[in-house]
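Trainee: So the chains spell out like this:
Number of protein chains: 2
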Amino acid sequence: MHKNWHGSNAKIGVLGGGQLGRMLLQSAIDFNLQLHFLDADPNAPCALIGHSFTCGSITDFDTVYAFGKDKDLLTVEIENVSIEALEQLEKEGVLVYPQPAVLRVIKDKGTQKQFYFDHQLPTAPFHLVENRVEASRVPAPFVHKMRTGGYDGKGVQVIKNESDKINCFDEPSVVETLIPFVKELSVIVARNASGETKAFPVVECEFNPEANLVEFLFSPAEISREIEEQAEQLAIQVIEKLNMVGILAVELFLTADKLLLINEIAPRPHNSGHHTIECNVSSQFEQHLRSILNWPLGDTSIIRAGAMLNILGEKGYTGIAKYEGLEIVMALPETHVHLYGKQATKPFRKMGHLTITGATINAVREKVEVIKNSLKVVS
Amino acid sequence: MHKNWHGSNAKIGVLGGGQLGRMLLQSAIDFNLQLHFLDADPNAPCALIGHSFTCGSITDFDTVYAFGKDKDLLTVEIENVSIEALEQLEKEGVLVYPQPAVLRVIKDKGTQKQFYFDHQLPTAPFHLVENRVEASRVPAPFVHKMRTGGYDGKGVQVIKNESDKINCFDEPSVVETLIPFVKELSVIVARNASGETKAFPVVECEFNPEANLVEFLFSPAEISREIEEQAEQLAIQVIEKLNMVGILAVELFLTADKLLLINEIAPRPHNSGHHTIECNVSSQFEQHLRSILNWPLGDTSIIRAGAMLNILGEKGYTGIAKYEGLEIVMALPETHVHLYGKQATKPFRKMGHLTITGATINAVREKVEVIKNSLKVVS
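Protein chains in written order, with this note's numbering: chain D, 1 to 379; chain R, 1 to 379.
Take these hints with a grain of salt, some might be off.
Where chains are identical, the list cannot tell them apart; a pair therefore holds if satisfied intra-copy or between any two copies.
Below 30 Å or equal to it, Euclidean Cα-Cα: the simulated DSSO-like pairs (lysine-lysine) are [as the list claims (entries may be wrong)]:
(1) Lys322 <-> Lys11
(2) Lys71 <-> Lys107
(3) Lys154 <-> Lys315
(4) Lys322 <-> Lys69
(5) Lys376 <-> Lys71
(6) Lys322 <-> Lys71
(7) Lys315 <-> Lys376
Source of the hints: derived by calculation from the structure; they are not laboratory data.
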């Protein structure tokens with residue numbers, strides 16, 4: 001793609017038009033890149049802001065093929081796409097990053113786990129099962145994940161004891177040893193077609209146990225320099241072994257005995273990288289563009305400590321979203337608002353996020369305590 | 001506008017669709033605001049990226065009136081607009097920020113100078129003249145400015161001696177005492193309808209003498225705390241005396257004897273505030289939106305020292321733009337690229353800008369020396 005150096009000529013298609021696409025577009029404007037989005041939802045976050053939005057299913061072969069065939073380069077902002085159509089387009093000469101082969105490995109949590117195993121990448125021990133009966137044979141407790149179709153915390157559950165087993169998914173799934181981790185970490189790593197790799201500094205995630213979604217993220221993670229380096233090296237190993245071009249989020253467990261285990265990976269900008277917009281020299285969105293265009297990768301250095309809080313739809317409210325307390329939040333120092341432009345809220349729907357920055361992670365943590373209950377999305 | 005707190009309902013029109021509108025849009029996306037642009041150039045920087053772009057003249061009464069009458073709020077990204085149409089729309093209940101009355105004072109450099117004089121705001125002594133003959137009667141040297149129609153360094157010249165006077169503008173103009181300043185400073189200040197004001201820290205501008213355009217900008221300015229405070233207070237005085245809502249760039253001369261004199265003001269986001277995207281908590285674009293929507297004004301604190309370099313069209317090249325050296329620049333740490341999406345270059349046309357950040361202003365100045373000749377816009 002070096003021939004299209006300044007990028008104004010590359011016709012770039014993005015499968016998915018959600019908030020990740022929206023933030024990608026904000027970054028693309030700086031480089032004079034034209035993004036074309038495909039999403040089935042006419043009210044998707046990218047529908048009103050993209051200069052080019054096609055309404056159609058990203059999982060339908062014909063729709064994706066028709067959308068992709070006049071593009072120079074295709075990328076995704078969600079994994080659940082017609083990989084078959086992308087494979088066909090790749091055969092016909094369209095650049096597809098991340099590559100369809102990578103999407104195939106990752107989309108199915110069974111093949112994803114098998115990939116770690118085959119490449120001796122550390123991950124929790126697992127079995128692949130076909131249905132509820134097979135899953136139930138495994139002694140509880142364990143983590144039970146649908147092989148495909150899960151997202152945003154759906155399709156993943158902890159089976160704590162024998163009586164929980166009635167809830168086991170009755171479909172092909174992964175049964176994984178429950179890891180008593182001390183921290184959940186995430187590393188965003190990028191790789192371009194020239195093979196250059198660069199990792200963002202490790203962040204620490206705190207999950208909402210009810211929604212199984214990232215609720216808070218802190219950057220930098222409070223870990224030793226040794227663990228930091230190991231985590232970054234591990235993320236680089238994963239993207240290299242995948243031979244992937246693009247950006248990859250590598251979610252890790254840190255155990256009490258200081259082992260790092262890969263939990264899951266996502267081959268796209270990720271919720272655990274939103275803070276990079278304000279906290280790092282380059283954002284994950286800029287880095288994604290640089291990687292897929294084979295540009296030099298951006299500087300990932302931290303310039304400010306930060307926390308990211310997802311703005312989730314309040315429990316008990318469904319309908320046109322109202323943001324209670326936004327005025328209060330907007331008046332606070334070093335507090336950045338990102339709304340995704342979703343008309344309707346529902347419980348735990350990701351409606352936006354806040355990034356709170358500060359000179360130190362302790363200063364940021366104090367601010368988060370003040371802010372965390374200030375903003376509510378109701379209807 | 002507090003009723004439209006989260007902003008998704010406010011229909012906001014912007015007169016002008018250049019790079020300022022483009023960066024305003026990038027910021028508006030974070031707040032889920034819908035911007036509608038009007039610009040006569042079908043290839044304007046906002047034409048391809050805005051979700052709503054109307055091609056039409058911003059100086060034509062009927063066009064502006066038709067564009068504005070279904071909007072809740074109108075703003076500008078350039079002063080040269082049909083003020084008459086905005087006045088009519090304001091009468092009919094459309095919010096117009098900055099107010100047409102403010103635009104009227106500023107657009108004409110004669111009334112602008114008179115405003116400073118009437119409000120005892122420090123500025124260089126001046127005369128208003130009607131034509132070349134009148135201008136020529138003033139003893140050289142002096143600065144000669146067309147009252148209207150000048151922009152981007154055009155319509156301003158220094159008449160150094162008697163023989164230069166043949167070049168005097170033969171139209172209503174301002175003849176101003178030439179000030180032997182030691183620094184050119186700029187303060188961006190915002191005011192919302194509730195009367196809250198907030199200034200960004202003072203920056204220092206270095207002009208390209210040939211193009212009479214800002215070539216480099218450094219933030220923070222290397223001035224004493226006393227001058228810093230005076231400059232910020234002066235900027236706040238100006239916006240308050242204008243009774244203006246919106247964002248105002250106040251360009252100042254600092255003289256050898258430590259006097260601050262107002263050079264010019266611009267009632268919109270300004271070239272001397274581009275660094276705020278990376279260097280300050282809130283950007284000038286976010287601040288503009290906050291001010292016109294009567295939201296709490298954003299935190300203007302510096303988080304990183306920085307320099308802004310305009311990417312100007314190279315002399316001797318006119319036509320489809322090519323960016324030589326962009327790959328080199330993009331590989332440098334803490335270097336941010338902003339291209340404006342202008343297809344054609346011409347000498348000194350503003351094609352984009354670079355922001356270079358660092359821990360200290362000295363570190364930034366060193367980097368600027370390395371970078372400043374790396375990137376060229378040719379055709």
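Trainee: Taking the hints in turn, state whether each one holds.
Mentor: Hint check results:
no., hint, result
1, Lys322 <-> Lys11, "between (36 Å within a copy, 17 Å between copies)"
2, Lys71 <-> Lys107, "within (23 Å within a copy, 45 Å between copies)"
3, Lys154 <-> Lys315, "within (16 Å within a copy, 58 Å between copies)"
4, Lys322 <-> Lys69, "between (40 Å within a copy, 27 Å between copies)"
5, Lys376 <-> Lys71, "between (40 Å within a copy, 29 Å between copies)"
6, Lys322 <-> Lys71, "between (38 Å within a copy, 22 Å between copies)"
7, Lys315 <-> Lys376, "within (10 Å within a copy, 54 Å between copies)"
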